[in-house]
Amino acid sequence: MGIRFEGDFTVTAPRDEVYAFLSDPQKFAPCLPTFQSLEMKDEHTAEVTVRVGVGKIRGNATIELRLKDEQPPTHAAYDGKGKVMGGAFNMETSFDLEDADGGGTVVKWVGDLNMFGKLVALAGGLIRPVAKKDIQKLVDALQAELSGPQASGAAG
Amino acid sequence: MSWVGKSLRRKEDDRLIRGKGLFTDDEPADLHLYILRSPYAHARIRGIDTSAAEALPGVACVLTGQDVLEHCDPFMELAPGEAAEIKDYPLARDKVVYQGEPVAAVAAETAALAMDAGQLIDVDYEMLEPVLDAAEALKDEVLVHDNIGTNRTWQGVFEYGDVDQAFAEAAHVVRIGPMHFHRYSSTPLENNACIAEWTRQGTVEFLCNNSFPGFAQQLLAPGLRLPVEKVHIRAYDVGGSFGNKIWNYVYMALAALASKKAGGLRVKWSETRSEHLLASGHGNERSYYDTEVALDKDGVITAIKSRHIDDCGAYTRYEPLGCVIWSQVLPATYKLRNIRIDFSQALTNKCPVVPNRGYSRMQQLWFMERVVDICAHELGIPADEMRLRNYIRDFPYETPNGCVYDSGDYPAMLAKAKELIDWDKWVAYRDQARAEGRYVGIGIGTTLDSGTNNFGQAQIMNPQLPFSGNSEACIIRLDFDGNVVVTLGTGPSGQGHETAASQVVADELNIDPAMVQVRTGFDTAWNTYVGHSGTYASQFAVTGLSAVHGACQKLKAEMRKLAAFVLEAAEEDLEFGVGEQGPEVRVKGTDQFMNYWALANLVNNNNAVLDESLADVTLNVRHVYRPPFKVPDVERKFGNLTLTYASQLHIAVVEIDPDTCHAKILAYAAVDDCGTVINPQIAHGQVHGATAHGIGAAIMESFDYDEGGNLLTSTFSDYCPITSMNIPDVVYGNIQNPSPFSYSGAKGMGEGGGAPLHTMSAAVQDALHGAGIIITDSFVSPPALHRMLQAPNREQAVSVD
Chain P
1 MGIRFEGDFT VTAPRDEVYA FLSDPQKFAP CLPTFQSLEM KDEHTAEVTV
51 RVGVGKIRGN ATIELRLKDE QPPTHAAYDG KGKVMGGAFN METSFDLEDA
101 DGGGTVVKWV GDLNMFGKLV ALAGGLIRPV AKKDIQKLVD ALQAELSGPQ
151 ASGAAG
Chain C
1 MSWVGKSLRR KEDDRLIRGK GLFTDDEPAD LHLYILRSPY AHARIRGIDT
51 SAAEALPGVA CVLTGQDVLE HCDPFMELAP GEAAEIKDYP LARDKVVYQG
101 EPVAAVAAET AALAMDAGQL IDVDYEMLEP VLDAAEALKD EVLVHDNIGT
151 NRTWQGVFEY GDVDQAFAEA AHVVRIGPMH FHRYSSTPLE NNACIAEWTR
201 QGTVEFLCNN SFPGFAQQLL APGLRLPVEK VHIRAYDVGG SFGNKIWNYV
251 YMALAALASK KAGGLRVKWS ETRSEHLLAS GHGNERSYYD TEVALDKDGV
301 ITAIKSRHID DCGAYTRYEP LGCVIWSQVL PATYKLRNIR IDFSQALTNK
351 CPVVPNRGYS RMQQLWFMER VVDICAHELG IPADEMRLRN YIRDFPYETP
401 NGCVYDSGDY PAMLAKAKEL IDWDKWVAYR DQARAEGRYV GIGIGTTLDS
451 GTNNFGQAQI MNPQLPFSGN SEACIIRLDF DGNVVVTLGT GPSGQGHETA
501 ASQVVADELN IDPAMVQVRT GFDTAWNTYV GHSGTYASQF AVTGLSAVHG
551 ACQKLKAEMR KLAAFVLEAA EEDLEFGVGE QGPEVRVKGT DQFMNYWALA
601 NLVNNNNAVL DESLADVTLN VRHVYRPPFK VPDVERKFGN LTLTYASQLH
651 IAVVEIDPDT CHAKILAYAA VDDCGTVINP QIAHGQVHGA TAHGIGAAIM
701 ESFDYDEGGN LLTSTFSDYC PITSMNIPDV VYGNIQNPSP FSYSGAKGMG
751 EGGGAPLHTM SAAVQDALHG AGIIITDSFV SPPALHRMLQ APNREQAVSV
801 D
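Protein chains in written order, with the numbering used here: chain P, 1 to 156; chain C, 1 to 801.
Hints listed in this document are in silico derivations from the structure and should not be mistaken for laboratory results.
Using N, Cα and C, we set each Cβ at its ideal position, and we do this for glycine too.
Some hints could be false.
What the hints assert, rightly or not - Only some residues are given here: those of chain C computed to face chain P with a beta carbon under 10 angstroms:
1) R37
2) A41
3) I45
4) L113
5) V123
6) M127
7) L277
8) L278
9) Y397
10) G708
11) N710
12) L711
13) T713
14) S717
15) P721
16) T723
Taking the hints into account, I'd like the entire structure generated from these sequences.
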């Protein structure tokens, strides 16, 4: 079962600063709304643990996140794979940065999530709304880190 | 007085209703097994790290594919050719080939601890592209089992008569587009379960709910590298099987290996419902292509040609037997003589299929009923009239492929069903509703329940297989107190064998059924059994009860011989009867008798008075019943594949709500002909249960996979089994055309032949034909009907020349 999410949001920080933040899991991962812990496996790979609570699936999920494409300061892409009780998921996400009119940076992002196992049967129908909520929380957190109070954005 | 034919209250019900049954999960064990399953439909296993699980206190052992390689041999394959090389082990080794395939197992002190430990096992997978469609799988672009080089498990052409000539002479040719019989499973109340103990003596003791233990034992022993006699299988109460529990030997082997690794502790595995739906075994999914039907000017079908592809999922297990089993009912209830069906079966990355109530035959029967209904609609012939023009009328009837339909009267069943449902009233209602723009339809489904297989048909699939005929065993003993103890060759899974066998024995020995004790459950240590022993394929009423009947005759012969000696009378002067002291053998026309207690006492306690000529009289006799089968002609695919053919005819009236697309059943009638009825209440219950399963399958139950091979319906939230809230009132009727091939005239009837699937498809099509819809899928759920109403398919689905 595959789901694509995409959207954009604007922050007041310049592109270089935004790129440095978003291409460093140690910086952006704590912004994940259910972040538990992070361990760097190598320079480009992090193991991130998040709390999951979707439908009947409850518990921790571990995600191995790898920065697979770096084009500073405009583009980067991650791939990741994770597992949660009875299920597994793969994800690919990337972002493109553009200068915003009037200063700041527009973050255009896209994420593809593929789920496997009991996760799909037990929580498949709930993933999209739950994920949308969590993405909005992540955007809010990133904006708080990278912007002043005037910034705005929305999850797709 | 005859007990057969009476609705004797089921002996089993007292313990079952009062919660006194003994099911496998009721028994304690030392350890509990958790099975870690693949989340992927197709992936290579790059590594498994079990260290964290093994370090958890309370964990006794962890099993992986490496363990099964060291301690197991692959289970026997029935397939010929390349598919014979499929390696089927209790755990995946280097690759997983369906979602839910066992990858590792943990035995721990509690079930919860085992499950927790299972989450600590780290499996490194490399995802592979799955193949999920059988027709695609036959292209062999993605291989389920790399080592065999193909996904095709079997292919054969079943051709009879002169098909080309019949088409050349046809008044009408109807061409039907692709059709599909969906995946579902008739869920039992009790999931699979087993307890295994690998003893210090080197035996393996199983308590389980396997429903074909004679077969399981023959598969388990070589798989576990043991002689057959060291594999002991015991079952007590079994909460439904419907064929599913035939194949749970795979899990039995896993529990046995865990016990071995844990030093002989008793290991229990108890399946969860979502495991059952995900990975226990699904019914066969089948697709039908290139169907052409030749008819004469009166709508009589003269020939059919078609191409069928069966999807057996990721392992063959009981397959490819399904590639032949369907031909037991090749022409269904119709008299056409010219048939050509090209049949293939493919492996896919989905749950393996296993026999499911109506196994393989109902897929063929659904196809034939669809053909009849589609032709009727397209030629403007009423569905009832179409059937009357095409039904087989004379019995016994030899089908084009040599099967012999023993007895039946399909027109009489149709007349009875029409009477029960009040046909004319509903036709008027339907016509009025249609005039108002409503979707109301009436459907007929005629079906067969072929019982008592000739295992020789397996040789049509694989000539090397050492199987043929059929048999069942029974031991009967006149006990010390004059009661009768019966041991059957197999245990039931809810069919009421104890009751039915008691009725037969009571009649044969002139005793009350209360004096007959049919031992509950099954145990390879004390049951008598043969390789065919098991509860499957609608065979107990014929094979099981024929064994009981034969054993009664042998016992009576011994009792007569014994009584003749004691009473100093000729055997022909004796008769069985009931006297003041109960059942007795007496000299006709005199007051001399021996009651049953006295006879038993003579043999067991007072035998010094007996003559040498009575040395072979034990009052404890075994009988094996063998139906009169011959090995089929495997080249021609010709021969009698089944002994009896019960039949069912159902009629449904449905109205489809245009907003919800739900096909509401307004009326439903089911007429059954299973020959002589042993116990009408049990037969009625079987019909009711099969009807419920079939209606559930038609409108509610489907195993749906997404494009990644995820099963989307693996809980009762999504896979909705029918309940008392969904099943309509079923008006039940019965006619009895006794079988000439069974001693009592009974026919096996436990499977129901999927009649409601045919009936619901027919009724929904009748309701929607005016909207340009041809029903080409057996699953007529609201979403499916919604899609059809959005995109009527008649132009693509059918054409008439």
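These are the hints, each one checked on the structure:
no.: 1; hint: R37; result: holds (8 angstroms)
no.: 2; hint: A41; result: holds (8 angstroms)
no.: 3; hint: I45; result: violated (13 angstroms)
no.: 4; hint: L113; result: violated (15 angstroms)
no.: 5; hint: V123; result: holds (9 angstroms)
no.: 6; hint: M127; result: holds (7 angstroms)
no.: 7; hint: L277; result: holds (9 angstroms)
no.: 8; hint: L278; result: holds (8 angstroms)
no.: 9; hint: Y397; result: violated (46 angstroms)
no.: 10; hint: G708; result: holds (6 angstroms)
no.: 11; hint: N710; result: holds (4 angstroms)
no.: 12; hint: L711; result: holds (6 angstroms)
no.: 13; hint: T713; result: holds (7 angstroms)
no.: 14; hint: S717; result: holds (8 angstroms)
no.: 15; hint: P721; result: violated (15 angstroms)
no.: 16; hint: T723; result: violated (20 angstroms)
Of the numbered hints given earlier, the model fails hints 3, 4, 9, 15, 16; all others are met.
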